[in-house]
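Enquirer: Residue strings, one per chain:
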Amino acid sequence: MLADYSILLIGAILVNNFVLVQFLGLCPFMGVSNKLETAMGMSMATTFVLTLASAASYLTFNFLLKPLGLEYLRTLSFILVIAVVVQFTEMVVRKSSPLLHRVLGVYLPLITTNCAVLGVALLNINKAHNFTQSLFYGFGAAVGFSLVLVLFAAMRERLAVADVPEPFKGPAIGMITAGLMSLAFMGFAGLV
Amino acid sequence: MALVRITSPHAQGQNRTASVMQSVLLATVPGVVVMTHFFGFGTLANILWGGLLALLFEACALKLRKRPLGFYLRDYSALVTSTLLCIALPPYAPWWLIVVGVGIAILLAKHLYGGLGYNPFNPAMVGYVVLLISFPVQMTAWAPPRGAGEVPGLLDAVQALFTPAAYDGVTMATPLDVLKQNNSLLIEDLWAANPQFGRWAGKGWEWVNMAFLAGGAWLLYKRIFTWHAPVAMLASLALMSALFYDGGSSASGGSPLFHLLSGATMFGAFFIVTDPVTSAVSLRGRLIYGALIGVLVYLIRVWGNYPDAIAFAVLIMNFAAPFIDHYTQPRTYGHSKPRDNSQGGES
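In order, the protein sequence lines correspond to chains A and B. Residues in the first sequence are numbered from 1 upward in steps of one, following the numbering used here. Residues in the second sequence are numbered from 193 upward in steps of one, following the numbering used here.
Calculated directly from the structure, the hints in this document are not laboratory data. Everything numeric in this text was worked out from a predicted model, so none of it was measured. Where is the CB? At the ideal position from N, CA and C, for every residue including glycine. Accuracy of the hints is not assured; some may be wrong.
List time: in silico EDC-like cross-link candidates among lysine to aspartate or glutamate, alpha-carbon distance up to 16 Å [claimed, not checked]:
1) A:35 x B:517
2) B:395 x B:360
3) A:127 x A:4
4) A:35 x A:157
5) A:127 x A:71
6) B:258 x A:4
7) B:255 x A:4
8) A:169 x A:157
9) B:395 x B:342
10) B:395 x B:380
11) B:258 x A:71
A few chain B residues facing chain A, derived, Cβ under 8 Å [what the hints assert, rightly or not]:
12) 305
13) 310
14) 312
15) 325
16) 327
17) 331
18) 496
19) 501
20) 508
21) 515
22) 518
23) 522
24) 524
Each pair of labels, with its calculated beta carbon distance range [unchecked claim]:
25) B:527 x A:35: 21 to 27 Å
26) A:113 x B:363: 48 to 54 Å
27) A:168 x B:442: 32 to 38 Å
28) A:126 x B:257: 46 to 52 Å
29) A:110 x B:211: 47 to 53 Å
Full structure from sequences and hints, please.
Expert: Here it is, written out as structure tokens:
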């Protein structure tokens with residue numbers, strides 16, 4: 001039981017990392033990785049929302065869409081669910097902890113467009129995960145996303161001062177770095 | 193900078209880039225000699241051909257970037273990169289494999305990032321990983337070591353390099369491969385059933401590793417690098433393998449001695465992990481960096497798809513090195529806690 005969940009977690013964090021192996025959530029990965037501080041904020045917000053959204057989408061699918069025979073509407077309804085979860089999170093955080101809201105505030109609306117969130121919701125249905133598995137898978141995906149985002153941000157702070165040839169400056173060298181990282185993560189293949 | 197006139201007699205430091213790189217090249221000699229003894233002239237042919245290509249690629253990149261040719265070509269850094277890559281490649285590799293590998297290492301992993309001192313990833317390991325993923329058949333074809341099979345001669349090495357189609361070499365699974373495929377034999381029986389195992393690890397491999405250990409120890413003595421990263425890596429690898437050894441059942445991952453003396457362990461620990469540019473900078477950071485490499489090497493060797501894992505583990509930790517550095521900044525002299533650089537300005 002415990003082994004099953006740890007395999008699920010390691011699979012989602014390392015072996016099938018959402019950014020470097022499945023290439024989901026690349027826009028925030030490239031967009032919010034210029035500074036370590038902002039990357040930290042983004043990862044915390046994403047972890048929170050992803051875990052919540054994967055649970056909410058599981059409930060929506062099994063208790064709303066399935067009984068009504070509307071499974072084909074899942075993509076559409078998941079987008080709605082994610083938007084609601086993000087909005088809800090923002091409201092709760094703003095009321096309950098103004099400090100946390102100042103840290104996460106800017107990034108919360110951005111998460112709505114993070115395709116990793118929708119990806120996790122849809123993959124949970126495809127892989128026929130149950131409720132706890134969905135929760136763990138969503139959390140693992142979020143941790144994997146946060147891990148590479150934070151590491152990448154620290155590296156980009158260093159790349160910003162490197163003597164990179166003019167045509168490769170900025171996002172170009174970022175993309176190449178992400179590609180090399182993706183190669184390195186192929187080493188995890190077969191681990192679970 | 194107005195630091196021209198200095199009155200006192202000052203001792204001049206000798207560790208310029210070129211002399212450091214020369215020492216590293218010199219330290220690979222025992223390892224290469226032992227490899228040549230056990231596997232034939234393949235590695236030597238690789239190194240010579242790779243070195244030629246490295247200088248060529250380096251010159252092209254410098255020319256394109258309008259940098260002084262002679263100054264950068266004389267610092268030996270390109271030669272070190274290509275030599276380390278060619279030692280890692282299987283002997284009797286075809287010529288084009290080395291062209292692709294050295295090209296990726298010098299052009300993509302080094303010069304796109306701004307050349308020596310800016311590359312976040314170890315160029316030799318980037319070249320190795322790209323080759324391993326793109327050409328797995330050529331990259332896993334290792335010749336049998338002396339004592340387990342026929343060792344090809346000098347002419348064979350040249351023929352294998354330039355007319356790979358005509359070369360008819362014998363290959364044999366490496367000990368790490370055999371151990372990974374094994375799921376029914378006890379370790380003892382596996383040792384007896386396969387000719388490529390030696391006393392502690394693979395036949396030949398144990399001596400290759402010892403030789404690289406000797407070269408590394410000499411570099412340590414010359415203070416080319418600090419002991420932190422290599423010792424942390426070897427210690428964590430030994431610890432992991434001791435934890436999961438279970439006395440030698442069929443599910444065992446191999447003894448600590450086997451892991452320390454197999455594949456590229458010593459070569460990686462002293463020649464790859466210690467790269468000053470791509471590793472963590474602070475001493476505490478280097479301990480963490482090395483230890484995590486050891487753990488990753490064991491994970492991938494025993495449970496992953498690839499038989500050896502130095503290159504993958506090093507690249508993954510290269511990626512993490514700036515982050516490790518950010519959280520292990522040493523205390524500045526005179527300050528009570530580490531200075532936070534992210535805030536900017538003095539505090």
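Enquirer: When the structure is checked against the list of hints, which entries are broken? Sort them ascending.
Expert: 2, 6, 7, 11, 16, 17, 23, 24 and 27
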